[in-house]
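Protein sequence lines, in the order shown, are assigned to chains A and B. So for the first sequence, our numbering puts the first residue at 21; every next one is plus one. So for the second sequence, our numbering puts the first residue at 588; every next one is plus one.
Each hint should be verified, as a subset may be incorrect.
[Unchecked claim] The calculated SDA-like cross-link candidates involving lysine to any residue, where the alpha carbons are at most 25 Å apart (straight line), are:
no.: 1; chain 1: B; residue 1: K914; chain 2: A; residue 2: K308
no.: 2; chain 1: B; residue 1: K956; chain 2: A; residue 2: P273
no.: 3; chain 1: B; residue 1: K855; chain 2: A; residue 2: L338
no.: 4; chain 1: B; residue 1: K865; chain 2: A; residue 2: D219
no.: 5; chain 1: B; residue 1: K855; chain 2: A; residue 2: T310
no.: 6; chain 1: B; residue 1: K865; chain 2: A; residue 2: Y413
no.: 7; chain 1: B; residue 1: K865; chain 2: A; residue 2: P273
no.: 8; chain 1: B; residue 1: K855; chain 2: A; residue 2: S498
no.: 9; chain 1: A; residue 1: K536; chain 2: B; residue 2: R1019
no.: 10; chain 1: B; residue 1: K855; chain 2: A; residue 2: R334
no.: 11; chain 1: B; residue 1: K855; chain 2: A; residue 2: K344
no.: 12; chain 1: B; residue 1: K855; chain 2: A; residue 2: H381
no.: 13; chain 1: B; residue 1: K900; chain 2: A; residue 2: A285
no.: 14; chain 1: A; residue 1: K344; chain 2: B; residue 2: V850
no.: 15; chain 1: B; residue 1: K865; chain 2: A; residue 2: H269
no.: 16; chain 1: B; residue 1: K865; chain 2: A; residue 2: T310
no.: 17; chain 1: B; residue 1: K900; chain 2: A; residue 2: R334
no.: 18; chain 1: B; residue 1: K900; chain 2: A; residue 2: D343
no.: 19; chain 1: A; residue 1: K308; chain 2: B; residue 2: F924
no.: 20; chain 1: B; residue 1: K855; chain 2: B; residue 2: Q868
no.: 21; chain 1: B; residue 1: K900; chain 2: A; residue 2: H269
no.: 22; chain 1: A; residue 1: K308; chain 2: B; residue 2: Q875
no.: 23; chain 1: A; residue 1: K344; chain 2: B; residue 2: A921
no.: 24; chain 1: B; residue 1: K914; chain 2: A; residue 2: S558
no.: 25; chain 1: A; residue 1: K308; chain 2: B; residue 2: Q868
no.: 26; chain 1: B; residue 1: K865; chain 2: A; residue 2: L338
no.: 27; chain 1: B; residue 1: K914; chain 2: A; residue 2: P273
no.: 28; chain 1: B; residue 1: K914; chain 2: A; residue 2: L338
no.: 29; chain 1: B; residue 1: K865; chain 2: A; residue 2: S558
no.: 30; chain 1: A; residue 1: K344; chain 2: B; residue 2: P920
no.: 31; chain 1: B; residue 1: K914; chain 2: A; residue 2: D343
no.: 32; chain 1: B; residue 1: K914; chain 2: A; residue 2: F345
no.: 33; chain 1: A; residue 1: K344; chain 2: B; residue 2: P668
Hints are computed from structural coordinates only; laboratory data are not their basis.
What follows is the residue order along each chain.
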Amino acid sequence: MSRPLILAGLRWLAPMATSVAALLAFQYATARWHALALAAATVGLNAAWLRNGPVALATYAIVAAGAAIGIAHLATPLHWAVVVASASLLVTVTGEAIVEKVAGVPPRCAHVPGVRPAVLTGPRVVEIAGPATIILSAGWAAIGAPVGVLATILAVVAGYCVAVAAWARRQGGRWPRLRAAVASGEPRFMVHFSAPSSDAFHLLAWLPYLDRIGAPYVVVLREAHSLRPIAGRTRVPVVVCPTSQTLSHMVTPTMRAAFYVNNGALNAHCVRFRELTHIQLLHGDSDKATSYNPVTAMFDRIFVAGQAGIDRYRIHGLDILADKFRIVGRPQVESIQVGIRARPQGEPNTVLYAPTWVGTHDEDNHSSLPIAPAITNALLRRGTLVVFRPHPYSAHDPASARRIAQVEAMLADDRARTRRMHVFGDAATQGLTMAECANLSDALIGDVSAVASDYLYSEKPLAIVNMGRQPVEEFADSFPLALAASVLRRDLSNLDEVLDELLLSDSRRAERLKWKTYYLGPFPHETYADAFLDEARSYL
Amino acid sequence: MLPQKFAKLFLNAVLPTLLAAVALVVFAMTPRTWVGALLVAGVLVAGFAASRTGARIRHVRSSRPLLAAAAMVGFGRTAVPEGAGTDLALVIAAVAFIVVVTTQSVLATLMPDRTLAANLAGQVRRHVFTPTRMDMVNLGVVVVLTVGALTSFPSWVADALAAVAAAFFLGVCAAGLRVRIRGDEDWAIVKDAVKRHHPRFMIYFSAPPETEYHVSMWLPYLERVGRPFLIVVREAHSLPVLAAATKSPVVVCETADRVEDMVVPSLKAIFYVNNAPKNIQVIRFREQTHVQLLHGDSDKPSSYNPVTAVFDKIFVAGQAGIDRYAKNGIDIPAQKFTIVGRPQVEAIQVAPAGPIGERKVVLYAPTWKGVYTDMDHCSLRVAAPIFDRLLQRGATIIFRPHPYAERDRESAAHKWALDRMLAQDAARTGRRHIWGQAATKDMSFFDCANASDAMVSDVSSVASDYLFSEKPFAIVNMGSSTEEEFTEGFPLGAAAHVLRADLKNLDEVLDDLLDADPKRDERLKQKTYYLGPFPAEEYADAFVEEARRLT
């Protein structure tokens, strides 16, 4: 049985048990301090674990009822103050859900000039009001203070909550304020991002180049979980728009275009704003299925790195008007150095081995990790230095993680024995960027993935592992990049030939340069990123 | 004034919670157990009523923990005499029962997706321990406890009841765990049954509740294709309506993985009826042809959504459906489009040529306000003077507002006032106006079209459907544009008598509509443009044959 399941169960059971115990303590126990302690425990557990889920609300309601009973015990027979206090308490506790509903989706944002996110979410005070009044009432019941005073305080708080709800409603929500603040920055475009929490790096890879466009812009996130990772890495306004209605607030009068970096499910909400040009950048450029997703057809412009990005759709039978495509290069590769590396005398060849991950679908699985130890072994036998950089997602797949550990152990072992300084582990995946890894190396062994086409930029030799069962010719039909590379068979029967080709003969250099243009566009190195920047500016 | 959804939330969630809280206080503090019992009964009735009106189950169940606490306290007060000390067994029973009740509302989220399917050959077992039954058990315990509070049962009864509830609760948990650990055996049965059904095509549907008609409007024509098919719905709430509407299998697939299991080798095409965000999870299967049908055909933005470009084939009623995209700056390759007509309108009878004369039955069919302001074409707020003038001219009116009109308070008020106008006039003149249920539920739009001689409507698909009848109609231009701008944005305006929102040309339009009818030739031209060049007798065949070719 899974641990998370048990933990989740405990997180529900604990506050529930304390809340029910508090209720019973208020009713039966003579020492009300126990009841107060239990009420406080419920609030604490909720704050720590449950936030404001339905269970938290239920437990608050139970404790509130208990506190009401406690107050009633203070003044027998039934006194008007008890009725007022109990009613106010219940209004405050249950009111929160209604305020949330009435006030609409709370805006969350960062770096919007003139807006303090905390002020914007003002009515959230109501959230604290519920637990606070519960503790107050429980404490009051415990020390037996005059009920009239408590009734007055509780009535004021309840009145405040009702007023906040009414205010939020009259404002038509807090979105117009946020919209005005965003609009005052006169943004010329937005970047629209809808993705699972693990995918923030897709957007982060583009932010430096969007900055270099030189026009004010807004980052629109569709899921709150992306706010923290994105807001920490940029200074431009970031707004979370969970619904399509809130999204419409961000389409300001000065805005001309919307950029997208993936095929997120909620992109469809945004492309219907016809006053904007919708431009898909995608987050990697490879022969994988994500680079010829039929969904890309919904955009007005599709920026691709080179002609390969266009042909890929046609090869896979997808009909998209040629007019939608623009070849802009892949600016992220500009930091890869071109040509043979200057290398200290006597230093052996360095091979970058960068296997991809298993993908979400079987047909997407191009990962060579299952044969990674054999490849590493062959490299070590030849005395090369190895830079080992697996895809970050591979850590989440147990089988892949085991292979990675195995390869890293082999490299550590060899380093200790031969003093060859292999680069692997965090040093390779966290300490270095992909470009830095490429710059350290003299050749690449990669899988079908963007790493291989990016490496073309360096003009150094590369090999691709064919993890499918098809022969080389068919493999090249599906993944044309194979024509620019040496293809390593999954049974490793041609491993020695491939390594000879990579490290010694390199007979395919001329052909590779042709493919470089095909994949990464015909742009000079010195001004490579300008192709993207100029094209992007033409839509603003 | 409070918006409707606020009132609904109050009725469904807040009122029962408040009543339950008061019941708890009454049981705990006062000797009047019958008041507490009445309040408990009130909560039960309110909850039942709310669940009948389709309220969110989460809302309906929010009062359960308090209700359980109230019943337990009431029971305890009666069972244990004052001053007898604490009955520990009773306290334990109370804690256990309240914990069960509170947890069960979140139990469903702990469970992996349930297997739900209908009209399948394979047998999916009926389970004993389901969250729904758990709720029934809990309510039963509450009822017995409340009766106990009134009549004094021995305290072991509460222990026994709590034990029953706890045992059932454990049963539900065990059933959920079993599925988690062993995998869903029911799903294997469903997969197998679908494979043996050899479906040639799939209808794929993801949508909010109460929009199942988007599918059911296409079902008769997809059934005429004469090939086995299945319906995949992404949300469980779509199942009951669609299962009743067809004999073909309907399977709920709440995750993308489950959809993948439904894409069996025999499948040649997948049909879509809307542009739901979840559609893109299915488009990636390249062995099948992905066909977008959409569920209405009008000059509204939903009929030229850029997202439609992602499909392999886009079926449109007529050339108008193609031009609309280009006109709005959306580039889609021409070969993706197929003109197939709009088979649903075959139910509309084509009227003979000639002036209306004395008959004068006028259908008024306005649209709704839409979600976005650029989609608000609703003319309900200017309809009263139109009705006035029509009634003066001796017309009989059929009033059929859009089913969503009542979602908006203002529209609902207008609708109500119009209903009353018709009722009063019918009483005075004896003319047989049709409104309310009779026009919206008892008659379909096509019945209304056939019963009428002319129509007044808004920019919406009813106008293009009405073209099929060749009868005259007027469209209310609710925007601020001139008539030229209007017909540019909504080409159908050229075939209609365009009524201005300020009604300055109301008399002219009614003259044209009911007598002169100068636009008949233009209308026939637009009929082909909007509904395709197919003869009326075998109109639906165009669609059926095209669909058959792809399956």
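Q. Which numbered hints does this structure break?
A. 1, 7, 9, 11, 14, 19, 21, 29 and 33
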